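**Q** Protein chains in written order, with my numbering: chain P, 142 to 481; chain B, 11 to 264; chain E, 18 to 742.
Hints were generated in silico from the structure; no laboratory data involved. The model shown is predicted, which means the values in this text are computed figures rather than measured ones. Just so you know, not all the hints are guaranteed correct.
[Unchecked claim] With a cut-off of at most 35 Å between alpha-carbon atoms, the simulated DSBU-like pairs for lysine-lysine come out as follows:
#1 E:191 / B:40
#2 B:196 / B:211
#3 E:284 / B:211
#4 E:554 / E:670
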Amino acid sequence: MRADRRQILQGLLGASALAAGLSPAVGRAQRGEDDSYRIFMITWRGWEDGSQGFEDYLTRRDIPVELIIRDAARDRANIEAFVQEAKELQPDLVYTWGTTTALTTFGRWDQVDPELHITEIPGVFNIVSTPVESGLIRGYDEPRPNLTGTLYLVPVETQLRTIESYGNLGRIGMVFNELESNSRLTVERVQLVATEQGIETIATPVPLLANGTPDASAIPDLVADLADQQADWLYIPPDSFLNVNRDSLTGIATELGLPSFAGAENFIRDARGLVGLVSRYYNVGQYAAYLAERILTGSATPGEIPVRNLERFSLLVNRQTAQSLSFYPPLSMLSLAEFV
Amino acid sequence: MIPLSLRLSLVIALVLLLAVLATSTLNVLKFQQVMEEFEESRYSFVARDIANVLEQSLNLGLPLDQIDNAQQAIERQLVLDPGIASIVLFDVEGDVLFQASRLPEERTRSILVGDQWTGDLDGEFFTSTQIENNFGQVVGGILVRHSAIVRAQRNETIIRVLSVAALGAAAVGILIVWFGSSQLLKPLRRRLAKTTRILDKIGRANALAAGEGSRFETLANSVLSDLRQAEREVDAACADAAGAGERAEARDAK
Amino acid sequence: MNAPDNREPELRSTTFDSRSERRVTGGLLALVLVVLVGSALWVSQQALTIFNDMLLPQFDQDGEIIAERLAVEIDRALSLGIPLDELRGTEDFLESYLDQHSALIYLALADSNGDILAAVGPNAGLVAETSQAGLGAIGDNRLVSLSVDQVRETALRIGSAQDPAAFILVGLNKQFAQSQISDMRWDIVVVLVVSLLVALEVLVFLIDRTIVTPLRLIDRIKQRALHGEWTVRPRRREASDEIGATLSTIDRLGHEVSDTLLRIDRKLARLTRVPPAIAERVDGLHRRVRLYVDEGQDNALQSRANARLPLFLFVFAEELSRSFLPLYAEQIYRPIVDVPYLGAIASALGLGNTLSAEIVIGLPIIVFMAAVAIATPFGGAWVSRFGSRTMFLVGAIPAAVGYLGTAFAVSTYDMLFWRLLSAIGYALITIACQGYLANIGSGSGRARNMAVYVAAVTTAVICGSAIGAVLADRFGFRATFVISAGFVVLASTLASRYMRQYQATRVSAQPRIHTQFRALANPRFLALIIFAAIPAKIALTGFLFFMIPLFLNSIDFTQPAIGRMIMIYGILMLVGTQLGARIHDRSGYGLALIAVGGLLTGIALAGPGLIDSGMIDLDLMIPITIGLFGLAQGVASAPMLAIIPHICPAETKNFGLTSLVALLRLTERIGSVVGPFLAAFLVVGLGYVAAIATIGIISAATAVIFVVVTVALSTRKLPDTKEVD
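Taking the hints into account, I'd like the entire structure generated from these sequences.
**A** Given below as structure tokens:
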């Protein structure tokens, strides 16, 4: 029964998987005593969609797994302890959720310490924003011999293409918190890609208060300024500060007739942002489980699996916002869009 | 006696028949090709359309077997085209999720490894497409089974109509060629008939009127009459000799 | 009773002279042409009618499926509360469905009043005229399909009948079947041309067998009788047709004459004493009437047609593979080092890397051409010794074995051996037929015999390449070679039955080449060979035989299309030959015609270079290139021979024109061998288009050099030669 499924999978995965062969798998992935694979899962802030997707996929595929779940509860020190535990337990696979978790468990690719990091047991990381920039892996096509994973941020190129096909993009306006590196990097990236495509950009950082924190009350004026400067769209970078202030940000934009785009769900689902192009954590979790499956069944080693995004993203459109802006997605996008 | 013109027309008829058959075969093949292209594109379109709906649902994180509008999507397409015998949605194991199928299991497997496939199996035609989840993994397939009877009937009709047309054309053509060749060969035949008639008369008494016939015929006539004349003389000589012999015998007997 | 003279002057029947023969053959062919074209048109018309009948329901289904699909999306938009007039990207959306159906001419969205909001498609403008019909007919139905002029329109309503929200209109081209049928017009033209040519060959043969030969026999009997020799043929069945009737009447006459004469002799023999008068009379008769007993050799009369049909069939067999031989070689090609045994030898010789794929693919043509060149002189000698019929049959063996071997070849390398066998067969059979034809008739008749040879070969080239391509497309390369072998068997059966053993005794018919090699000392003759004849062959084998199948295949021409292109070459070559011969006969511009041929080849082969510039359509450029090339080759071919007596009068006197022509034919084969080599090298280095152009440049340049050299030599060294153009 197991052997059958493995053959089918290999058929599905094509020749490269077949070339990897079955025999190395036996050495790599050792089964638990009850004949199931043991997966050591380290999460950052509890059980959420990404981990659920991971589990659901394995369940649906009838892959016998024993999940050993450890939650760091946002504390780095916990992770270090989990790593030692994993080293003792010798599970078949280690799964991590989040950038900090992954870096603490596996280390930077160029600074691996066999004492502190997991170096032998195969690993899959999930929900890491920028695995290359943060030093987890050397490149997207260069996973480590024992570590591969998924990407979940939609590439800026894809985002801009989506805005363009939604329509009416000539000048893009951005408001961001310059204290957050994630946000700053994304804005820079947007400026670069947009310029290449002949799209103008206006990027305005949120002014800081005397205590060094960004001033939330400045947001409406900043958005109004963008509207005055004839921005066609408001681009919302992944930014915790903006996330907190998403209502005022998207609210004022909509009032001013400025359509907004975000790479995170909250701005569309829980505020008045118009369009979002996101990877659902649940889907990314399934993808991570698919990688885990390939590793466990021996059809590929982590080193053979490049780090990739999902092939399809979810397009979210806020129906009310579209209505009040009178700016609906074009027909060919309609069938792809999920209205919220 | 097969007249010359008929002999010629029979051979030409063979060439003509081959040409007409070749022309109609070309037409039939073209027709089948066009029709099959149409069918293929239609059924791929149908299969792809359903797959799109399902992949949309997969994007939402639903597993294939729990997509509630799948049955509806399949039925809607089934109603649209009477040529479709059945549509089957199956998962990566080859298990049918919606709608029944008599398809052998190996075939569903091969669909899952191939990309898209249209072919026939036991006289029925199938068009298939894969369903992929949002990380490009094949999670299932759709199979549109369309009736082979429709295609067979269509082919039968066109072959029948064109065979009749071709044979009709060939028959008419043969008649025309026959008539034409008779006309073309008429002077020759007339001359031949005349020659034969004259040749036939040669050697009969006074058969050849003066001035009738060519040098040869005149010559033949004279040669033959001379020969006969000579034979008669030889016969006479023989008779004489025989008479003389008898007389001699009689004389000897005395 | 003298033995018949084999080479008696050709007797034309007075009853049926060659003009009547041409009239009957021509008339029948015209009739065949009319009937063929008529029936092809009729069959195609019938096909079109039934296509239309059967396509209509298909169109309706397709229209419905597309309309329904569009409706789902529009419906969804409306249900989301998007007002119809605020829908965005409608045209882009509709356009994405255009490639779903090849007959689509428009897709349109109309509002509840039936006003067109968006329309796309090759003939989107038409919807303004046709929409009213569809929308008017829809009534309470949700969906309706109907014909409006040349459009099959499907209209679909979104929303309720009382309060429609929108309409979708799908237009399909009813003329689609027409365009599909006219797609086939070239295939049908090929069928017609081939049928006509086959009919011509068969008719010529048949008229010869059933009319010309019996009439000639009758005439010969009469002629002999006039000379006092009466033909006695074996008694036979009553004849089956008009000529047979005449023949048996004349046979009866012969029998009567001979019977009477023999009876007289018998009776006389019984007489002990023959009266002097009778003896004298019978002696006189014996002087007037001699008997010639024909031992039933009424097939013995020499006829061009006897060699023509077998030759046609044989060359046809060879030409079947013309359009795909390099493709087949490419298909079974493996690097030589990968071939067991051979690879080891090749590596030992250091050949492993020098043999590029292109060269190896060209080798089957090269080997064939070289083998034909080498075998032909031997063939000539053997035909003189063993006779035409024997050599035809002997040649058929390697030819057929070669085709079968090629059919089952495992690699390009063993294929070379099989092609070598076929080449030997080809050389023997063609030279046997030439020998046969050269020995029939005399004087002007013999010149016509060679025209028969050229005609049979050209017809076979035209038919063979086209038919072979279709066969290869249907049954594959290998099966087509098996069919070739079958045709060889058929040809040799006909040859053994109808071709009479003929032993050449006349030396001039089979020129001994080696003594004539001295003619090459004439620089102008040498120039003709090097700068005109060889480049022409290089272009023929390098461009047409080698590159065209590969090139056209690389730009997605189908196999039948490649065959058609080579057929176009054959037809235009024929036209060019006639044209060149006629212009030459009228004006005597031999030199100029050869130059024009070379330059025209250059222009033709530059053609494919224009494709990339987008100035001209590919599907038009290729036939133009190949047609022009055929014309160029044809125009120069006759003058190339006709010019020989002018440029080397002394040699013509010494060796005879025939030997010089044979020498030219032999030496120009160097070009046939070099052609594919050169082409392969050029393709590797430059790619197809530039390689083709380069071959063209070589043709044009050598043509110019030829004219310059010939004119310069004539003014300097042979100032007194007046014949030079």
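**Q** Between the alpha carbons of residue 554 (chain E) and residue 670 (chain E), is the straight-line distance 35 Å or under?
**A** Given that 35 Å is the threshold and the Cα spacing comes to 27 Å, the pair holds.
**Q** Straight-line Cα separation of residue 284 (chain E) and residue 211 (chain B) no greater than 35 Å?
**A** 27 Å, holds
**Q** Going straight from one Cα to the other, do residue 191 (chain E) and residue 40 (chain B) come out at no more than 35 Å?
**A** Distance of about 17 Å is within 35 Å: holds.
**Q** Between residue 196 (chain B) and residue 211 (chain B), does the CA-CA distance stay at or below 35 Å?
**A** Distance of about 23 Å is within 35 Å: holds.
Of the numbered hints given earlier, the model fails none.
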